[in-house]
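Order-wise, the sequence lines are chains F, G and S. So that you can map any letter, position 40 of the first sequence is 48 in my numbering, and since no number is skipped, the others follow by simple counting. So that you can map any letter, position 240 of the second sequence is 251 in my numbering, and since no number is skipped, the others follow by simple counting. So that you can map any letter, position 204 of the third sequence is 334 in my numbering, and since no number is skipped, the others follow by simple counting.
Treat the hints as calculated values from the structure; they're not laboratory data. Small disclaimer: the values here were computed from a predicted structure and weren't measured. One or more of the hints may lead you astray.
[Unchecked claim] What follows is a set of in silico ranges between Cβ atoms, one per label pair, in the way DEER data are often shown:
#1 G/R260 - S/E343: 20 to 28 Å
#2 G/P66 - S/L327: 33 to 41 Å
#3 G/A51 - S/A209: 53 to 61 Å
#4 G/G40 - S/P211: 40 to 48 Å
[Unchecked claim] Beyond 10 Å from chain G on every Cβ pair, some chain S residues (computed):
#5 I162
#6 Y197
#7 L240
#8 D247
#9 I266
#10 L286
#11 L287
#12 I297
#13 L301
#14 A336
#15 I340
#16 E343
[Unchecked claim] Pulled a few chain S residues facing chain G out of the computed Cβ check, cut under 8 Å:
#17 M205
#18 V214
#19 R278
For glycine and all other residues, C-beta sits at the position ideal for the given N, C-alpha and C.
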Amino acid sequence: MNWGSVSEFLAMGGKGLYVWGSYGVAFAVIALEIGLLVMRRHAAGKDQ
Amino acid sequence: MSSASPQAAVPVFNWFKYASPQTFFPLAGALAPWFAAIAAVLCVAGLYIGFFVAPTDAQQGESYRIIFIHVPAAWMSMLIYLAMAFWAGVGLAFNTRLSGMMATALAPTGAWFTFIALWTGALWGKPTWGTWWVWDARLTSELLLLFLYFGFMALQAAIDDPRRADKAGAVLALVGVINIPIIYFSVQWWNTLHQGSSVSLKSAPTMAMTMLTGMLVMVFAAWAYAIAAALWRVRCIILERERRSDWVRAYLGTAR
Amino acid sequence: MRDLTLAWRRRSDVFTSVIFFVIVASLFPLGIGPEGKLLLAIGPGVVWVAALLASMLALSRLFAADYADGTLEQMLIGAAPLPVVVIAKVIAHWIAANLPLVLIAPLLGLQYGLPADALLVLALALALGTPSLSLIGAIGAALTLGLRGGGVLLALLVLPLYAPVLILGSLAVEAVGAGLSAQPYLLLLAALSVAALSLAPWAAAAALRISYE
């Protein structure tokens, strides 16, 4: 186990901004893509 | 990414049976959730290994943990372009409608991965080399790759007739795929000759086994996700394009 | 050839792209300042980028006129193989739109204080590199034929593919400045042009056929 506490985990040895900035944006992008896909599927299924 | 093809996934069936949008549509719908589930499980596992098992890097400290998202995204960005060009080539050679749709469906996912690779690269570069952006060979090629994706999508978006859009995009994707190695080598050469502005990325420390495992698990997660996203998008494209066909009407009628 | 005489008749077009080239290359010192050292350092790159843009702007005219008056359609069903037609058109286009750039580039290099041997290499590098620009550009021009927003789209398609030529071309000129031989870069530029000549006409011909389907 690498981390003694949650705050230590979030701090990432002082590099938290960079690490979480990377993962945050990456997963936001993936969530956005999934959201766009769901909307597109919805639109494709609706109007004829 | 030929594993997105029906043959690789369901080897018992004849390739051509699933080459038509109508038969591929339910298959894609059946496969996509599986790939999505695999992606989710691998992603959780990979992140667990990456954050809780893999040790702190001796040189870079914790910021190296960006590698678990950065490297898979960078690999996928290139791999998806290759897959796109492959489907585009198949579409041109055999004049199958589905191949063009696959190429079109892959492009946005590839562009997103390229963006993620660039973004995480910048956030990794700042604590490691003290700068957000270096005109390094890999970063610069990645940026040009993003432009190639943009060009592909913009060209297809500008053409109203989907058949023409597929074929024009296919020619562009194939031209792009021939150019990628030329771009990479010229950029690399340019970079080594301009020593002043470059930071050597070659001094990567040897990776611990757990780091490598975490990274590879994340690579497979990204792979599975890309397949799932492409299959979902190809379903949307099929529905949009075959809107007037009887089977789509029947499908939508029963689905509602 | 017919295309050349046509180009001669529309020589104001040629004139425009040359003027564009000169203006772009002359704007940089205005934006950056007149320091000789800095200008010398950026000169090769700036002249190359300006040449790239000027060459690209001329591309939209490559097939546009023939597309508009239906000549292109006849070429598609004509006796001559389409890639050969494409090569002929690209050569005519290169002479009309890029050769003037090659000839005037040394003058622009003077503005940046490049020495005489560098000027020679600059012209040589442009002469060897611009054919591949025209050839790659022909694919883009054929793909965007008759599309809305064609001009900007063409730039988006073609400029990333121009990157290797730009890199090698500027490196050739910079090598002279650093007292090195420019020969390897010039040979690579020539190799790129030959490679483009062997592939691009077929791709452009395929793209033209697609545009007419």
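Give me the numbers of the hints this structure contradicts, sorted from smallest to largest.
The structure breaks hints 2, 9, 10, 11, 12, 13, 14, 15, 16, 17 and 18; every other hint is satisfied.
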